[in-house]
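Participant: Protein sequence lines, in the order shown, are assigned to chains A and B.
The C-terminal residue of the first sequence carries number 195 in our numbering, and the numbering is unbroken.
The C-terminal residue of the second sequence carries number 151 in our numbering, and the numbering is unbroken.
I should point out that these hints are in silico values taken from the structure, not numbers from a laboratory.
Quantities reported herein were computed from a predicted structural model and do not represent experimental measurements.
Just so it is clear, CB atoms sit at the ideal spot from N, CA and C, and this is done for glycine as well.
Among the clues, some could well be false.
Which bits of chain A does chain B cover? Going by a derived footprint, with three or more residues having C-beta under 8 Å, they are [stated by the list, open to error]:
(1) 119-128
(2) 144-158
Listed below are several chain B residues computed to face chain A (Cβ distance under 8 Å; list not exhaustive) [said to hold, decoys possible]:
(3) Gln78
(4) Arg84
(5) Lys104
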Amino acid sequence: GAVVSQHPSWVICKSGTSVKIECRSLDFQATTMFWYRQFPKQSLMLMATSNEGSKATYEQGVEKDKFLINHASLTLSTLTVTSAHPEDSSFYICSARVAGLSNQPQHFGDGTRLSIL
Amino acid sequence: AQTVTQSQPEMSVQEAETVTLSCTYDTSESNYYLFWYKQPPSRQMILVIRQEAYKQQNATENRFSVNFQKAAKSFSLKISDSQLGDTAMYFCAFMKQVIQGAQKLVFGQGTRLTINP
């Protein structure tokens, strides 16, 4: 149980385009999802906390107009990298927490490798 | 703010040996949770083991066990009878206990563990 699906797993696109990444909880409902960014050989950096039906909470230094987050349902959160540039190339990972259960571990998706040419 | 420190960037042991990964953290919270996550080359984040701070007994999961020293704010992971499949990045993570609201994970820098045949 507690499977999180992330799509796409790998995307390559030209500079200036926008890229949408989906994060789905397949067998549970998630009121809260988290988006992380990971550079090669580094740790996960929390970008934002996605809350179902409300605005996302962004970490300090993360541009909310650059990284648009939508959490319209209890099973889906999306991250859109707008007008992507080469410096946005990275590994993006989402995680989700089971709704109604506090103090439980997060379940992670498989990540999305984003390469901007 | 909480911080998590993993002082061993890389470790390497022979198959079947026992290896211990260190983790220290800093917090003023009295109730919290600690986790070890494994990230193999596939880059999926896999929960290895968790520890509730209010429990004195160290958590164990088959070949994985922790040495939780609350006063010293230390949380090391011991892998017994190491296997080739244990090769991965290992992240120590902290999560404070909350009644409601989002619970963020704070990750350490990671330790790259290589199991040699």
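Participant: Are the hints correct? Go through all of them and say.
Facilitator: Hint-by-hint comparison with the structure:
Chain B is given as covering the segment 119-128 of chain A, and this holds because 6 residues of the stretch bring a CB closer than 8 Å to a CB of that chain, at least three being needed. Look at the segment 144-158 of chain A against chain B: 0 of its residues bring a Cβ nearer than 8 Å to a Cβ of that chain, fewer than three, so the hint is violated. Annotation: interface hint on B:Gln78 holds; nearest CB of chain A at approximately 5 Å, less than 8 Å. Among the interface hints, the one on B:Arg84 holds; its C-beta lies about 6 Å from the nearest C-beta in chain A, closer than the 8 Å criterion.
At about 17 Å, the closest approach between the beta carbon of B:Lys104 and any beta carbon in chain A exceeds 8 Å, and the interface hint on this residue is violated.
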